[in-house]
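Put the two chains together into one complex; each comes in its own frame, and the hints tell you how they fit.
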Amino acid sequence: MSQSVRTATWPAAASAGGARPSGFGDPLFGLLVRLCGLLVLLLIGGIMLVMAFGGREAFSTFGLGFLWSPAWNPVTNRFGALAPVYGTIVTAVIGLLIAVPFAFGVAFCLTEMAPRWLAGPLGTAVELLAAVPSIIFGMWGFFVIVPAMARHVQPLLRHSLGQLPLLHTLFSGPPFGTGLLTAGLILAVMITPFVAAVMRDVFNSMPAVLKESAYGLGSTRWEVMRLVVLPWSRQAVIGGIMLGLGRALGETMAVTFVIGNTNRISASLFSPGNTIASLIALEFPESAAGSLKLSSLLALGLILMLISFVTLFCSRLLLRRGA
Amino acid sequence: MSGAMAPAGGVERDQGRNRGRDRGLDRRRRLRDGLATLLCGLATVLVLLALFSILATLVWNGIGGLSVATLTRVTAPGGENGGLLNPIVGSVIQVALATLLGAPIGIAAGIFLAEYGAGSPFATAVRFISDMLLSAPSILVGLFVYLLLVAPVRHFSGYAGIVALAILVIPIVVRTTEDMLRLVPLSMREAAAALGAPRWKVVLLVCVRAAAGGMATGVLLAVARIAGETAPLLFTSLGNLNWSTRLGAPMASLPVTIYQYAGSAFDDWVQLAWTAALLITAGVLLLNMGARFALRRRGER
Chain A
1 MSQSVRTATW PAAASAGGAR PSGFGDPLFG LLVRLCGLLV LLLIGGIMLV
51 MAFGGREAFS TFGLGFLWSP AWNPVTNRFG ALAPVYGTIV TAVIGLLIAV
101 PFAFGVAFCL TEMAPRWLAG PLGTAVELLA AVPSIIFGMW GFFVIVPAMA
151 RHVQPLLRHS LGQLPLLHTL FSGPPFGTGL LTAGLILAVM ITPFVAAVMR
201 DVFNSMPAVL KESAYGLGST RWEVMRLVVL PWSRQAVIGG IMLGLGRALG
251 ETMAVTFVIG NTNRISASLF SPGNTIASLI ALEFPESAAG SLKLSSLLAL
301 GLILMLISFV TLFCSRLLLR RGA
Chain B
1 MSGAMAPAGG VERDQGRNRG RDRGLDRRRR LRDGLATLLC GLATVLVLLA
51 LFSILATLVW NGIGGLSVAT LTRVTAPGGE NGGLLNPIVG SVIQVALATL
101 LGAPIGIAAG IFLAEYGAGS PFATAVRFIS DMLLSAPSIL VGLFVYLLLV
151 APVRHFSGYA GIVALAILVI PIVVRTTEDM LRLVPLSMRE AAAALGAPRW
201 KVVLLVCVRA AAGGMATGVL LAVARIAGET APLLFTSLGN LNWSTRLGAP
251 MASLPVTIYQ YAGSAFDDWV QLAWTAALLI TAGVLLLNMG ARFALRRRGE
301 R
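Just so you know, the sequences run in chain order A and B.
Counting with full-length UniProt numbering, you get residues 1 to 323 for the letters of the first sequence.
Counting with full-length UniProt numbering, you get residues 1 to 301 for the letters of the second sequence.
So that you can see chain B by itself, here it is in the shape it has in the complex (with noise of 0.2 Å):
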């Protein structure tokens, strides 16, 4: 290009200096664009050899474990031939309670955010600290919760862990219903009304029920990510290596049972550990590829 500004005489050796600089360049560039895609693709396998890793130490350290006996045993002292029935029931029970509890709420917040906060700075201020309690420390809600139900009554019990987990189920599903309803479309409602129901049966009946799909799936991924939840339950549910089923008692479950037998020195609470990981693990994950995947399908069509 810049050959052709060039005085006459200069043209074909300007050209053919530009030529070969512009080859340099050219090599120059490709050679960087390869080292960034080597890079970024290394990188990428490294974090699926991770994935890979996890699960691959779980399944290899887990499954020898998983039989009739150890899914139909109370827990047991070392070396006394306990199973994990105590947890699996304890986590089921604390984590449906949870979502029982914590699901409501974040529709309604969410619902409120969608369908009547449109502007106002109090629903932006709720969706602002939503979205940070979305990743705000999960001991920090235990501590919350121990001192709110725990401290009081001077015991650990299985209410206590309930509302932890709830409390970390509310944010998850407050951003999910609200993204399900914007894509509700307006027209719809505006049908709704002109046909004079009220909102709060416009809402309801049309919206919800439009969204209840997505909804669903964010209530699963509430599910997912409060059954392998540790931390809150430390000082809250606190684990119980007795057989109970009672709220008001210290309540088992899976994370804190794996906590506790996982550097521990009988082999077969270690054992027990793998097991519990490689339950949860597999739980959590199929829930999240299943919820994912439902999302994915509504969204394209």
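Bound-form chain A, shown alone (with noise of 0.2 Å):
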């Protein structure tokens, strides 16, 4: 409604302006905060072009095979795509299945039941949790969770799902601490504030007299978040969830140090492998200016942004504003 005021309103102050004798600043204002509007469009576009054109050799060598080939073989000059992408798409769903449901807890415990005194604490501490640098999980994870993970969790699994037909080959393999799960853990740890912040905003959003109803024919809390909180907020919801998945596809540093910096694809989640924007961190520096192997690093940020441009695009769409 505002928006509809503002139009009609401002047209005629423009136009009043405009009719002072030194009313030229005017034009000049408008032309340079469309002129900044523009470059944040720009932006965008000039990282993909600017990546394509990097990877321009990496694309003309090997062609579309490029995606699918899971060779990476600096000696052989062989490069492909694969196996930093399988990577990056194992971690993320690792984190995301992982978190979700943490996160979904965590929103459910501060909208519906904490205590004013003590929703406002605790939500001050999940977003502290999502402000912690991502360099700092890095650390953390290297330093604490790894010599967990090999010494407690990953045999534990390796003795319990491990065993079953189907799991298998996912939990097999020397308990080294690093690995693709490991990975998908931190990553778990670092998206959980993120998806829980935005549940918790899309729940407080919704129009108390739809829970007050519920709650006045008798439903349980989890009667009200389950039939009528969930269904009235689920588009947003899932926006929330693909916003921390491309969180998740895009993370270095903390997956850096953790992965392990193999690039083979692998079954068991327990192996070491990469992702595309650890692959970059590690082996860019290594790289030789003008190098058919830079060139790829500069095709795998490509894709890398192609990937998170289409989750965060559904993500924003879904959670669009006022929508």
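Take these hints with a grain of salt, some might be off.
[To be verified] From the structure, some residues in chain B lie toward chain A, with a derived Cβ separation under 10 Å:
no.	residue
1	L39
2	A50
3	F52
4	I63
5	I105
6	R127
7	F128
8	S135
9	W200
10	W243
11	R297
[Claimed, not checked] Over the 12 Å line for every Cβ pair with chain A, so calculated as not near, a few chain B residues:
no.	residue
12	R23
13	G24
14	G64
15	T70
16	T72
17	V74
18	G78
19	I88
20	L97
21	L100
22	A108
23	G213
24	A216
25	F235
26	N242
27	R246
What the hints contain is simulated information worked out from the structure, not anything from laboratory work.
Glycine included, C-beta positions come from ideal geometry on N, C-alpha and C.
The structure is reproduced here in structure tokens:
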């Protein structure tokens, strides 16, 4: 409503200003802020164009086969995107599978369970976890989580889930502590506060009268959540989850510390691997300018950009303000 | 309820059975509710434990290395009692200049969205893309700036690092600026316009002034975000183990130093990495808490 009022008001104000003798400040200022808006728009296009330009040599050498070639061999100059893409998707999916239930639990806790005096500090704590720099997660993962995984979690998983017929391959192999599962776990800790914050805002933005009606009919908290709040906010909740996925796909430093840095595809979640972002962070500094390897890394960057672009695009579409 | 509809003879027994079934249903509902409450509470406790574990690890490992010597000495080869002076100074320089470069662009774009872009498809696109940039992988920003500013001149530089961080500042500031300007009542704009002020004066002297506190908070949040960023600096300002404040040369920063030192074989380097991690986390979290606290207080007023 306020928007329609504003569009009705502003042109009048603008023309009044334009009529003044010193009125050329107005078009100038208008142009300036529009240019800055345009700059934001150009940035994302520029990133993609520059990345595509840098990766042109890789695409012209390997063709579209670059996308599904599992090779990554600097010695023979054979490069393919499959292994890092696989690592990126597997770690992000593991992270999401762990993070979503936790994020939902935190959001449920913050909006329905916690009393007012507790919800504030609790929310702040979750926001602080979201603000911790990713390299700190990497260090924490490397010095705290990796040893715990190697000593306790991975042997336990191997002796329990690893004995089941279908899950056998997923939970086999030596328990190094590093690897896809550990990277997924760190990602989960990182994206949980983001997804939880989105879910909390969405749950809070629901008209109170809907919840109150359900409570008035005698529903329990869980029934209100499952039968009223969740159906009402489904679209935005999925948007929040996609936002978390977008973060997990492009996360670099935290993963680099714990992924193990191997460019092989292995079915076991204990095995070391690489994500696109960690591969770029680890191998870019040792690639000569103008080499095919550098070009391949930039081509990988373009692929990552496209994957996260699509994910974030869907996420923003679902989360659109006011939608 | 359904018992009342039953034939008279069966009322007594029917009600009894219904009550039993209701009680069973009731118990199951309560049980389910209790279970959900328990699991969600547990999830929250675990998330808080993760935060606590991170902070405790940082303090436990980092506090021992925190001394005047660490803060005033330049980095040195392993085992030679180096400090963190050049990474600290490098971080401050890069973050400050990146904020000076990125914040005005973000504020201008935010003003455009809030004051000029009502309903136009161009503004909708800018808002959408800016929100996407907010979560875009920061390492790609590093690659982008590498190709633009490092590859052509063939050497890493503080300038490149500053530009990379500035790109990360813009979407954060755009978002908060627009949100804060939208809180300014329309009547204030109308009053200023009625006095004959041109639009740019209305925006800058009335709207922006009214929203200045909130906008400053947005800039603080952006500073907190870029202060801990590592990935965009790896290929731009690279890091520098010698003392240097020249922007045209590679420049040290705390996050990159953590990355270089954390996995090293020298105990004193690992110790420095922990201390740097403690410093950066304390700084980022304090900035963040201060900004959020200020925002909340403004929101309550």
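Hey, is A108(B) genuinely clear of chain A, shortest beta carbon separation above 12 Å? Contrary to the label, A108(B) does not stay out of reach of chain A, its closest Cβ about 4 Å off (not over 12 Å).
Does the interface hint hold: is W200(B) within less than 10 Å of chain A, judged Cβ to Cβ? 4 Å, holds
Non-interface claim for L100(B), where every Cβ of chain A lies beyond 12 Å: For L100(B), whose nearest Cβ neighbour in chain A is about 15 Å away, the distance exceeds 12 Å, so it holds.
Restraint: R297(B) near chain A, CB-CB cut 10 Å. Satisfied or not? Because about 12 Å separates R297(B) from the closest Cβ in chain A, which is outside the 10 Å limit, the hint is violated.
Closest C-beta approach of A50(B) to chain A relative to 10 Å, hint status: 5 Å, holds
Run the C-beta distances from R23(B) to all of chain A and say if the shortest one exceeds 12 Å. 14 Å, holds
Over 12 Å from every CB of chain A: does G24(B) meet that, or does the non-interface label fail? 15 Å, holds
Hey, is G78(B) genuinely clear of chain A, shortest beta carbon separation above 12 Å? With a cut-off of 12 Å, G78(B) remains clear of chain A, as the shortest Cβ separation is near 18 Å.
Hint F128(B) vs chain A: min CB-CB distance below 10 Å? The hint holds - F128(B) has a Cβ within 10 Å of chain A, the shortest such distance being about 6 Å.
Was the hint right that I105(B) lines chain A, CB cutoff 10 Å? 5 Å, holds
Does T72(B) clear chain A by more than 12 Å, comparing its Cβ with all Cβ atoms of that chain? 24 Å, holds
Interface exclusion of V74(B) relative to chain A, criterion Cβ beyond 12 Å: 21 Å, holds
In summary, the numbered hints that this structure violates are 4, 10, 11, 22, 25.
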